[in-house]
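Number of protein chains: 2
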Amino acid sequence: MDGSGDAQAKAPQDRLADWLAEDMAAVNRLIRERMASEHAPRIPEVTAHLVEAGGKRLRPMLTLAAARMLGYQGIDHQKLAATVEFIHTATLLHDDVVDESQRRRGRPTANLLWDNKSSVLVGDYLFSRSFQLMVETGNLRVLDILANASATIAEGEVLQLTAAQDLATDERVYLQVVRGKTAALFSAATEVGGVIAKASEAQVRALYDYGDALGIAFQIVDDVLDYGGTAAVIGKNTGDDFRERKVTLPVIRAVAKASVEERAFWVRVIEKGDQRDGDLDQALSILRHHGAIEAARDEALIWAARAKAALLNLPASDLRKMLSELADFVVDRVA
Amino acid sequence: MDGSGDAQAKAPQDRLADWLAEDMAAVNRLIRERMASEHAPRIPEVTAHLVEAGGKRLRPMLTLAAARMLGYQGIDHQKLAATVEFIHTATLLHDDVVDESQRRRGRPTANLLWDNKSSVLVGDYLFSRSFQLMVETGNLRVLDILANASATIAEGEVLQLTAAQDLATDERVYLQVVRGKTAALFSAATEVGGVIAKASEAQVRALYDYGDALGIAFQIVDDVLDYGGTAAVIGKNTGDDFRERKVTLPVIRAVAKASVEERAFWVRVIEKGDQRDGDLDQALSILRHHGAIEAARDEALIWAARAKAALLNLPASDLRKMLSELADFVVDRVA
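Protein chains in written order, with numbering that gives the first Met the number 0: chain E, 0 to 334; chain A, 0 to 334.
Since copy identity is lost for identical chains, a pair holds within one copy or between any two.
In silico DSS-like pairs for lysine-lysine, Cα to Cα no more than 27 Å straight-line:
| hint | residue 1 | residue 2 |
| --- | --- | --- |
| 1 | Lys116 | Lys271 |
| 2 | Lys180 | Lys116 |
| 3 | Lys271 | Lys180 |
Derived by calculation from the structure, the hints in this document are not laboratory data.
Predicted, not measured: the structure shown is a model, and the values here were computed from it.
Extracted from the complex, chain E is given alone in its bound form (with noise of 0.2 Å):
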C-alpha cells in the first residue's frame, strides 16, 4: 500500500493495476527483453525514453483483464499486452514526427533528442516487434484482428491529416479518425483477450465493443480538455488542436451554429491557418457561447455509457466492476 489511501479511494486504472501485478510485471519484463537490439544499441535508447516515461499502460492492462475477465490461464494474453504496448508506443513516435511534437509526457520528444529519422525507424521497429510477439501465439484469429486494427488506425491517421483544416469534417469523418487514432487499438486489445481466452461469440462482441466505446469516449474527452474542458480554465497544453487547425468535435459543434461572422472566423483560423494573437480566446468564447464543449462532452458520456452497457453481456465480476468504474473515469476528468 503506497499512502495515497484505502483501495477505494484509488482510481480504477490503479485497483486494476494491482488486481493485475503479477501480469504487469511479466508484460514488463517482456516490453524491455523484446525491446533491446543486439545489433542496433539506439533502439533501446529511443524507446526506453518512452516506454519508461510513466505511460499508464491502459492498453495491456486492457488486454490482460479481458483475457482474466473469461477464465484464460495461458501466458499469451502477457505477449498481446505487450503487443498492443509496442504498437501504441510505435504510433506515438510516429505522430511526433507527424505533429512535429515538442513534448510528451512531460519530456522533450524522441524526434527533438534525437531526429525524425530515429522516430521512424525505431517505430517500425516496434511494430515489427509487436508483429513477432503476436505471431508466437499461433493463432490467426488474433492476427488478424491485429492486423485489421493496424489499417484502421494507419488509415484514421491519414483521414485525420487530409481532415484537418477543412471545416467541412462532419462527426461521420470525426469518428472515423477517433477510431483511427484511439479506439481501434483499445477495441483491438479487449478483443484479443477474449479470442484467447476462447469467449464466446456474444462476449467476444462485448468486449469489442467496450474498448470501442471506451476509446472514442476516452478520445473525445481528449479533444475537449483540448479546449480547456468544461472548467472553462486553460490549462497548460490547451488550443494544440486549434493551432494544428485539427477539426475535432468542439468544432464542428461550433461550425455547424455558426453566424456568417463566426464562420468566417473559422475559415480564416482552420481552413487559411491565418491565427493571430487572441485568436485562441476568441474560439474559446464562440465555442462556450453555442455550448460546443459541453455538447462533445455529453457525446463522451454517451460513449461511456455504452461501453458499460457492453459490459453487462459478460460475467460479473471484480475485473468487470472494474472496468466498468474505468469508462466513468475516463469521463470524470470532464463531467
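Since chain E is already given, all that's left is putting chain A on it; use the hints.
Here is chain A on its own, set in the frame of chain E:
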C-alpha cells in the same frame, strides 16, 4: 513481342516477367485493390506515384518464381508477392523521410510532393495492408518469416543510421546493414514462396540462401555504382552515399589501407562531415588507388556465385535457369 529483339536478348528479369505474366497481372490487380482506401483518398495518390513509377517488381517476381518452380498451384503466392511489394514500397516511403531524398526513380519523392507526414503515415498504411494480406494466407510459418524479416529490416535501418559517420564500421556491421536494407526482404520473398509450395526443408533453405545472397550482391553493386562503378566515369547519382556519409564497402576497403593523410581525409569528410568542393573526386582517386571499387565488385561477384550455387539444391527448370541468370545480371552492371 516488342521491338527489342528475340527472347534470348532480353534481360533475365524481363524473361521472368514474361514467364510469370499471368501471375504478375493478378499481383498488380491485387496491389491496386488493396492500395485503395475508402476513407482516406490521399493514400492511393501517394502510393500510385511510387507503385506505378516503373518499379521492376523484382521482389514479387522472386516469390512467384519460387512458388511456381516448386509446383505451387494456388493463389496465395500472389498475395505474398503483393505483400512483399507493399513492404518494399513502405520502406521506400520511410527511407525518403530518413534520407531526406529529393528524387526516387527519376521523379520527385513523395515527401517533397506532399510532405514527411504523408510519407510516414502512408508507409504505415502499406505495412498494415501487407500484414492483412499475409494473414489471409493463414500460414503461420509464412507469418513468422515475414515478421522476422520486418524486424531485420527495421534493425538494419537503425544500424545504418548509427554506422554512418563512423569509420569504425567494419564488414560485419556492413553486412548486417545490407541484410536489413535489401537482403532480408529478398530472402523472405523466396523463402515464403517455397513454404507455401510445401517444399522440403532443404529446398526452403536453398531458396532462403539464394534470396539472401542475391540481395547482398544487389546491394553491394548499388554501393559500388554510387562511386561510379568500375568504369571510372561519374554517373548522375554518383556520390549520394559520400554526401550522406555512409560507410559502404568501397570506403571500408579503402579505409583499411589508408595512409595517415588519407585517414585524416576520411575522418574529415565522413566523421566530421566537413565536405568541400573536390572532395568527391579526391575520394574517388583514393578508392581507385587502393583498388577498393574492384575489391567491392569482387565481393559482389562472390555473393552472386553463392546465389547460383544455392539454386543447385532445387529441381532444374526454366525458372531456375532464369533465376541463375538473374544473379549474373545483377552483378553485370559492375563486372
